[in-house]
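Asks: Counting from 1, one number per residue, gives the positions in the sequence shown under this note's numbering.
Take these hints with a grain of salt, some might be off.
[To be verified] PhoX-like mimics (lysine-lysine), calculated; alpha carbons at most 20 Å apart, straight line:
id	residue 1	residue 2
1	Lys59	Lys131
2	Lys125	Lys135
3	Lys59	Lys10
4	Lys125	Lys105
5	Lys119	Lys105
6	Lys135	Lys86
7	Lys86	Lys105
8	Lys125	Lys59
9	Lys131	Lys119
10	Lys59	Lys119
Just so you know, the hints here were simulated from the structure itself, not pulled from any lab data.
All values reported here derive from a predicted model rather than from experimental measurement.
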Amino acid sequence: EERIQNLREKAAQLGVGERIFFHGQVSPREVRAYLADAAVAVLPLTQDLISASFTSPLKLFEYMAARVPIVASDLPSTREVLASGKNALLVPANDPRALGEGLRKLLEDRPFAESLARKAYEDVKEYTWAKRAQKIVQFLRSLGRRGP
């Protein structure tokens, strides 16, 4: 709660306090409602080893399934799922100015933003639990066919 209060104060100092809402932690059901109202979803991962190479954040798939245009850090881990200009807008990690420019682009060019969101929604269907299980089963079956 103290962290949220600090963020509210900072937003007020910057003159944007009335345009930013800090909700704190919300339930999974509430997340869907907030995403439905979002103009853009942001995934600002940092360029540390875990984020850059190994992260597959569940929130990314939630954004895609919610049909919300995405601005995300351009990292190897995000490029496994996202393609800049096709299903998201990727910006350099750890670059607040680039992140802001990406947000502005999607907010100002709604047809482009909507095309990204549509493609992301189509693409996320390949990342369901059922699809992942199917790929694992196929892989295991292929091991059995190789033989000694």
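Asks: Would you mind confirming whether the straight-line C-alpha gap from Lys119 to Lys105 stays at or under 20 Å?
Replies: Distance of about 17 Å is within 20 Å: holds.
Asks: Take the C-alpha atoms of Lys59 and Lys131, compute the straight-line distance between them, and say whether it is at most 20 Å.
Replies: Measuring from Cα to Cα gives roughly 18 Å; hence the hint holds.
Asks: Given the hinted pair Lys125 and Lys135, is their alpha-carbon gap at most 20 Å?
Replies: 13 Å, holds
Asks: Within 20 Å, alpha carbon to alpha carbon, are Lys59 and Lys119?
Replies: Given pair Lys59, Lys119 holds - Cα atoms ~17 Å apart, limit 20 Å.
Asks: Is the straight-line distance between the alpha-carbon of Lys125 and that of Lys59 20 Å or less?
Replies: 15 Å, holds
Asks: Do the alpha carbons of Lys59 and Lys10 lie within 20 Å of each other, as the hint requires?
Replies: Between Lys59 and Lys10 the Cα gap is close to 26 Å, so the pair fails against 20 Å, i.e. violated.
Asks: Does the structure keep Lys135 and Lys86 at a Cα separation of 20 Å or less?
Replies: Judged against 20 Å, a Cα distance of about 24 Å means the pair is violated.
Asks: Within 20 Å, alpha carbon to alpha carbon, are Lys131 and Lys119?
Replies: Status holds; Cα separation ~18 Å.
Asks: So if I understand the rule, the pair passes when the alpha-carbon distance is 20 Å or less; does Lys125 with Lys105 pass?
Replies: Roughly 26 Å separates the two Cα atoms, so the pair is violated.
Asks: CA of Lys86 to CA of Lys105, is that 20 Å or under?
Replies: Holds, at about 14 Å.
Going down the numbered hints, you'll see the structure goes against 3, 4, 6, while the others check out.
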